[in-house]
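Enquirer: Below, each chain spelled out in residue letters.
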Amino acid sequence: MKNNDSLENWKAARELFEDYLEKPSKESLANIDQRTDIADDIKEILIKLVNAQDTSDTQVTQADLSFFNSLEQEAPDLTGKIITNYALIKRLGKGGMSHVYEAKRLDSDIQKHVAIKILHNHIDELNETLKQLFIREQQILSKLNHPNIISFHHGGISASDIPFLVMDCITDARPIHEYCRNEKLSQHAIIEACRNLADALDYAHRQLVVHKDIKPSNILVDSHGDLKIVDFGIATFQKIELDGHELSPQIYTPDFASPEQILNQDITPASDIFSLTAVLLALLTEQKPLAHTNIQHYQAKDDEQHIQILLKSANFDNDLCNIINKGLKINPQERYSSMQDLRNDLDNYLQSKPVSASKQTSVYLLKKFIQRHTLISFLFFALMISITVGIYSVIKQKNQAQHEALKAKQVTQFLIESIQASDPDLTKGQDFSVKEFLNNAKVKIQESTFQDRQLSTALKQTIGTALSKIGQYKDAENLLLQAIKTDPNNFVARIHLAKLYIEQKLFDQAQKQLNYLKTNLSQLPKENRIDYQLAQVKMLVKQVNFKQAENSIIQLISSLDSNNTKQIIESKSLYASILDEMGRPQKAIDVLNETLELSHQHFGEISTTSAQITFRIAQLLSNISSANWDKIYQTFTKTSEIQTKLYGKNHPIVAKTHLSYGFSLRASGQLDKAKEQALIAKKIALKNFDASHILVAHIDVLLTQISALKGDFSATVDLLEQAIATYERHYGVNHIETNQVKTTLAAYYLKLNQGPKALQILQPLYISQKKQLGDFNKATLYVQLNIIKAHLINKDFQEAIKVGEAALKVSQEHIGKDINMTIGIQFNLAKAYIELNNHPKAIALIEPLLETSQLKQNSMFDRVISIELVKSYLATNKTERAKQLIERLLNKHYGADQKKDALHSTLIELKNELKP
Amino acid sequence: MLEYPHMKNQITKILSGKVNGRDTLDQVFNLMYPEIKKLANAQLARLNTGQTITPTVLVNECYMKLAKPTELSFENRKHFICTVAKCMRQFLVDKVRKNMRLKRAGEISHEPLTQLVGDNDVDFKLLEIDEIITKLNLIDPAMAELAELRFFSGHSLQEIADIQKISKRTIIRKWNMTKSFIITLLDEK
Numbered sequence: 002m003k004n005n006d007s008l009e010n011w012k013a014a015r016e017l018f019e020d021y022l023e024k025p026s027k028e029s030l031a032n033i034d035q036r037t038d039i040a041d042d043i044k045e046i047l048i049k050l051v052n053a054q055d056t057s058d059t060q061v062t063q064a065d066l067s068f069f070n071s072l073e074q075e076a077p078d079l080t081g082k083i084i085t086n087y088a089l090i091k092r093l094g095k096g097g098m099s100h101v102y103e104a105k106r107l108d109s110d111i112q113k114h115v116a117i118k119i120l121h122n123h124i125d126e127l128n129e130t131l132k133q134l135f136i137r138e139q140q141i142l143s144k145l146n147h148p149n150i151i152s153f154h155h156g157g158i159s160a161s162d163i164p165f166l167v168m169d170c171i172t173d174a175r176p177i178h179e180y181c182r183n184e185k186l187s188q189h190a191i192i193e194a195c196r197n198l199a200d201a202l203d204y205a206h207r208q209l210v211v212h213k214d215i216k217p218s219n220i221l222v223d224s225h226g227d228l229k230i231v232d233f234g235i236a237t238f239q240k241i242e243l244d245g246h247e248l249s250p251q252i253y254t255p256d257f258a259s260p261e262q263i264l265n266q267d268i269t270p271a272s273d274i275f276s277l278t279a280v281l282l283a284l285l286t287e288q289k290p291l292a293h294t295n296i297q298h299y300q301a302k303d304d305e306q307h308i309q310i311l312l313k314s315a316n317f318d319n320d321l322c323n324i325i326n327k328g329l330k331i332n333p334q335e336r337y338s339s340m341q342d343l344r345n346d347l348d349n350y351l352q353s354k355p356v357s358a359s360k361q362t363s364v365y366l367l368k369k370f371i372q373r374h375t376l377i378s379f380l381f382f383a384l385m386i387s388i389t390v391g392i393y394s395v396i397k398q399k400n401q402a403q404h405e406a407l408k409a410k411q412v413t414q415f416l417i418e419s420i421q422a423s424d425p426d427l428t429k430g431q432d433f434s435v436k437e438f439l440n441n442a443k444v445k446i447q448e449s450t451f452q453d454r455q456l457s458t459a460l461k462q463t464i465g466t467a468l469s470k471i472g473q474y475k476d477a478e479n480l481l482l483q484a485i486k487t488d489p490n491n492f493v494a495r496i497h498l499a500k501l502y503i504e505q506k507l508f509d510q511a512q513k514q515l516n517y518l519k520t521n522l523s524q525l526p527k528e529n530r531i532d533y534q535l536a537q538v539k540m541l542v543k544q545v546n547f548k549q550a551e552n553s554i555i556q557l558i559s560s561l562d563s564n565n566t567k568q569i570i571e572s573k574s575l576y577a578s579i580l581d582e583m584g585r586p587q588k589a590i591d592v593l594n595e596t597l598e599l600s601h602q603h604f605g606e607i608s609t610t611s612a613q614i615t616f617r618i619a620q621l622l623s624n625i626s627s628a629n630w631d632k633i634y635q636t637f638t639k640t641s642e643i644q645t646k647l648y649g650k651n652h653p654i655v656a657k658t659h660l661s662y663g664f665s666l667r668a669s670g671q672l673d674k675a676k677e678q679a680l681i682a683k684k685i686a687l688k689n690f691d692a693s694h695i696l697v698a699h700i701d702v703l704l705t706q707i708s709a710l711k712g713d714f715s716a717t718v719d720l721l722e723q724a725i726a727t728y729e730r731h732y733g734v735n736h737i738e739t740n741q742v743k744t745t746l747a748a749y750y751l752k753l754n755q756g757p758k759a760l761q762i763l764q765p766l767y768i769s770q771k772k773q774l775g776d777f778n779k780a781t782l783y784v785q786l787n788i789i790k791a792h793l794i795n796k797d798f799q800e801a802i803k804v805g806e807a808a809l810k811v812s813q814e815h816i817g818k819d820i821n822m823t824i825g826i827q828f829n830l831a832k833a834y835i836e837l838n839n840h841p842k843a844i845a846l847i848e849p850l851l852e853t854s855q856l857k858q859n860s861m862f863d864r865v866i867s868i869e870l871v872k873s874y875l876a877t878n879k880t881e882r883a884k885q886l887i888e889r890l891l892n893k894h895y896g897a898d899q900k901k902d903a904l905h906s907t908l909i910e911l912k913n914e915l916k917p
Numbered sequence: 003m004l005e006y007p008h009m010k011n012q013i014t015k016i017l018s019g020k021v022n023g024r025d026t027l028d029q030v031f032n033l034m035y036p037e038i039k040k041l042a043n044a045q046l047a048r049l050n051t052g053q054t055i056t057p058t059v060l061v062n063e064c065y066m067k068l069a070k071p072t073e074l075s076f077e078n079r080k081h082f083i084c085t086v087a088k089c090m091r092q093f094l095v096d097k098v099r100k101n102m103r104l105k106r107a108g109e110i111s112h113e114p115l116t117q118l119v120g121d122n123d124v125d126f127k128l129l130e131i132d133e134i135i136t137k138l139n140l141i142d143p144a145m146a147e148l149a150e151l152r153f154f155s156g157h158s159l160q161e162i163a164d165i166q167k168i169s170k171r172t173i174i175r176k177w178n179m180t181k182s183f184i185i186t187l188l189d190e191k
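Top to bottom, those sequences are chains A and B. If you count the first sequence from 1, you need to add 1 to reach the working numbering. If you count the second sequence from 1, you need to add 2 to reach the working numbering.
Please note: incorrect hints may appear among the correct ones.
Claimed, not checked - From the derived model, a few chain B residues whose C-beta atoms are all more than 10 Å from chain A:
#1 Asp28
#2 Gln29
#3 Tyr65
#4 Asp132
#5 Asp142
#6 Glu147
#7 Gln166
#8 Lys167
Stated by the list, open to error - List of simulated lysine-lysine pairs, DSS-like, C-alpha gap at most 27 Å:
#9 Lys137/B x Lys49/A
#10 Lys82/A x Lys24/A
#11 Lys27/A x Lys176/B
#12 Lys170/B x Lys24/A
#13 Lys137/B x Lys44/A
#14 Lys176/B x Lys49/A
#15 Lys12/A x Lys80/B
#16 Lys24/A x Lys176/B
#17 Lys24/A x Lys137/B
#18 Lys674/A x Lys684/A
#19 Lys80/B x Lys24/A
#20 Lys137/B x Lys879/A
#21 Lys12/A x Lys167/B
#22 Lys44/A x Lys176/B
#23 Lys49/A x Lys170/B
#24 Lys12/A x Lys39/B
#25 Lys170/B x Lys12/A
It should be emphasised that the hints constitute simulated quantities derived from the structure, not laboratory data. Virtual Cβ for every residue (Gly too), placed ideally from N, Cα, C.
Build out the structure end to end from the sequences listed, making use of the hints.
Expert: In structure tokens form, the structure reads like this:
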């Protein structure tokens, strides 16, 4: 190369080159060639220089401008190399500060491989202090013994000043964020994992070790799904190494570093808390938890904002948001004061217990309580009251409540059922505590603005449902609609709302709710699904589609699990009602008897459910005239016994039982007994309500019926008009119940021979009943019967026959031949024919009636009807038959010790006519 | 914790005294070099594998940390910048040399290997440049200085012209000369 001589040459060349600089090289070369004053060596150099000028163009320009394109950082792969007494087998991971290798010990037979982390280090001289610090740190780390912390063996510095760490090798390690993503972990599972990590870090903190670099890539998951935290305390070493300089923020992974780390302030266990919370947030949202856009000008506020945005769009539970916020507070002192506290809150959250991060208000505690106990408990009501009174008692009661948890469930049932057992009628005057409470609650709930969606919807639904059970339909509807508005998927609220609408015959609105439920059927829990189906059946019933209702309910019953006793009973009771409406009371009774059996087993003999069923059976029995009156009496007695035991002898429900019994007695003609019952009922009723109460109206109806039957019409009609006014007010003008009473009034008008007045009521009534109940219903037929009678009175015999024939057909088929109703229609039809002098027809109608058990038992019927037959016989010259009939009548009804009445006189008259 | 102001004062002091040639500058160099080394190391430590950093950035960091050139007088600033360039050169060369030494010794080189990625055809290697500059220094110190500034100071030709208080025309001419020498010297190897 160059020696001193050539150096001189070069210097000389340099001088000469000046002249040729920036001149065309061709010329220069030619010139140089010609010169003789230059030594050959120098010439050589000079020529090269000149050429260099040319050739350099693009290349050199590029080169000189981009000479240093970049200094690239490339950590060499050290696989195959040896460090101290470990051989590096495979590179497992690459990091900014270090690489991790799988390694094997050379000097022993230990087969198990370890992991070695080799730090990139840029310090040329590692002074003694640093070395000692490093070693001491490793000693501390090697003492950490926790299933979720990577087992640390030892650390050291190699002969060439390379720091390295030896630890357990994790098989198939995956960083936690990858694991969560691949395994598609649920929110619950992620929080569980973080709780376990908090446990591990808590342990570490107790050993006075702070991790300082918690991030997802430092949390590994092995092939068993176990968590391992790696890279403890490394950061300390780094920090000391580079002491003396403003730390580049990128030393710490900024994505998870706490503000104090970024600002290079004191690092405490609180920093780990921050980072772990950041990891939790990142795993849950699958996004970067912190803003850290501009490290140079770090603004903690940017982080805060970013977190809030993330939380908002993630739509987490309030508690979870509060936990995350607390963990990520900028000021370390505002965070959880220990890892254990964070751990406990996470744990509590998983168990739906209150978390410390959330404000411990009574409303909050209440919500948590409700969440843990899915059945709305009686204690919930108690708590509700407390809220309106004061906060203190809530907390006290809550503690009690937790002990009473088991009892609560049973008490719930009782409360709801006892509300259920009573009619909407009855609760109107009664149970002030419940009603008043519920109304207060209703008002309170309107006034307060619950920020917690879940609490709001739950409360509204509960109170709405309770209100509907006590008959406050409008209020109930309001609240239930609100509950649904707050939470469209509050299915229970929708079911109750549908039931409400069905009750009020608002079918379109009911259908709307049912449709919504239908589309979300898969999301309904099983129990609610059955409720939904029951609601559907009820709707069919109200729409008078009995056949379909029957099919559906039979299907539903067969699909029920034998464990669902409550729902089986509910379904079967509904089935029985359907059967009753269809005019099949006997079958209804059979079903109810089965149900009663079930209820006895499940609830006991003295229970509201059993009482209800017994009551229904009694009612049905009295509709079947072929029934055994003894049995009926027994059943009624039994019912009132149970009810008295359950409710006390002055409870309105007992009054109702007496009333019902009274109706049956009246129907069987036992008028005095009937009146007796009615009066007992009235006495109890007035103890509870005032005279305009519906129950009183019911009783009055019975009383009027009784006095009418006794022949006393004077006070009857007025009393009934009064009762009707109550009915219209209570039920509505076209309500079934109102119609029934109107029918009765019409009947009385008939009795008073006020035909037109009767018809005035009856005609629209018929249309209404037919529409609501159907053609084959007793009530409809009864109206028809009265219409016939009205026509008779008005002497519209053709009309009477027209209605009569149609009604008779239906009645015979659907009600039965030997039933009063049918007999009544038949008889009145016959009367019409008689009036039109169509005696054969009349005879054909009346004769079969004499064979009926009704007539055989009921002397009044027998006499009244038979006399008409006699008249017909006489009119058709069937004198023999007439004679026989008269004889029979006189013998049967007017024996020696029997009363003689007008009919008797008529009979004697007729007999005498026949004599000659 | 280093006190930059302190060092700055020292440098300023030395520089504001009469600049007696190399001795003074050597003093400044000796003072500055350890700091530059640490600063540059810290910078490089920031890098993740595969990440790149330009020497310009590297050097600018040093400027920022050490002193604001504008605080020095013109003469001093010139000297200052030259010294920084010198330090950076030294730093990089040392780094590469160490790596090579370790590799040769069979030890694991854990040093991040700084590779200078040149452009297409012209592949300047750092050590070669270092050598060349050393040679240039023997031929013409002014050329050597220019080359050093060009490659290691992070300044553009224009800025260097300003620092040296010469015209653009002049600097271009000077650079053309230097460039030719560099290429010729490279060929010679």
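Enquirer: Now tell me if each hint is right for this structure.
Expert: Results for each hint:
At roughly 21 Å, the least C-beta separation between aspartate 28/B and chain A is larger than 10 Å, which holds for a residue marked as non-interface. No Cβ of chain A approaches the Cβ of glutamine 29/B within 10 Å, the least distance being about 21 Å, so the stated non-interface status holds. Separation of tyrosine 65/B from chain A is adequate, the least Cβ-Cβ distance of about 14 Å exceeding the 10 Å criterion. Annotated as non-interface, aspartate 132/B keeps its C-beta farther than 10 Å from every C-beta of chain A; the closest such distance is 13 Å.
A Cβ of chain A approaches the Cβ of aspartate 142/B within 10 Å, the least distance being about 6 Å, so the stated non-interface status is violated. Every CB of chain A lies more than 10 Å from the CB of glutamate 147/B, the least distance being 14 Å, so the non-interface label holds. Interface exclusion of glutamine 166/B from chain A stands, the closest Cβ pair being 17 Å apart, more than 10 Å. Against chain A, the non-interface label of lysine 167/B holds: every CB pair exceeds 10 Å, the least being about 21 Å.
The straight-line distance between the Cα atoms of lysine 137/B and lysine 49/A is roughly 17 Å, inside the 27 Å bound, and the hint therefore holds. This hinted pair does not check out: lysine 82/A and lysine 24/A have alpha carbons roughly 56 Å apart, beyond 27 Å. Annotation: proposed proximity of lysine 27/A to lysine 176/B holds, straight-line Cα distance about 21 Å (limit 27 Å). Between the alpha carbons of lysine 170/B and lysine 24/A the distance comes to roughly 18 Å, so the proposed pair stays at or under 27 Å and holds.
Straight-line distance between C-alpha atoms of lysine 137/B and lysine 44/A comes to about 19 Å, which keeps the hinted pair within the 27 Å bound. With a C-alpha separation of about 17 Å, the suggested pair lysine 176/B and lysine 49/A falls inside the 27 Å cut-off, and the hint holds. With a C-alpha separation of about 26 Å, the suggested pair lysine 12/A and lysine 80/B falls inside the 27 Å cut-off, and the hint holds. A C-alpha spacing of about 14 Å is found between lysine 24/A and lysine 176/B, which places the hinted pair at or below 27 Å, so the restraint holds.
Proposed proximity of lysine 24/A and lysine 137/B is supported: the alpha carbons are some 25 Å apart, at most 27 Å. At roughly 16 Å between alpha-carbon atoms, lysine 674/A and lysine 684/A fall within 27 Å of each other, so this suggested pair holds. Using a Cα cut-off of 27 Å, the hinted pair lysine 80/B and lysine 24/A is violated, with the two alpha carbons roughly 31 Å apart. Restraint check for lysine 137/B and lysine 879/A: the C-alpha separation of about 159 Å exceeds 27 Å, so the hint is violated.
Annotation: proposed proximity of lysine 12/A to lysine 167/B holds, straight-line Cα distance about 25 Å (limit 27 Å). The straight-line distance between the Cα atoms of lysine 44/A and lysine 176/B is roughly 21 Å, inside the 27 Å bound, and the hint therefore holds. Between lysine 49/A and lysine 170/B the alpha-carbon distance is near 26 Å, which keeps this suggested pair within the 27 Å criterion. For the hint linking lysine 12/A to lysine 39/B, the alpha-carbon distance of about 34 Å lies beyond 27 Å, and the restraint is violated.
Distance hint between lysine 170/B and lysine 12/A is fulfilled; the C-alpha atoms sit about 25 Å from each other, no more than 27 Å.
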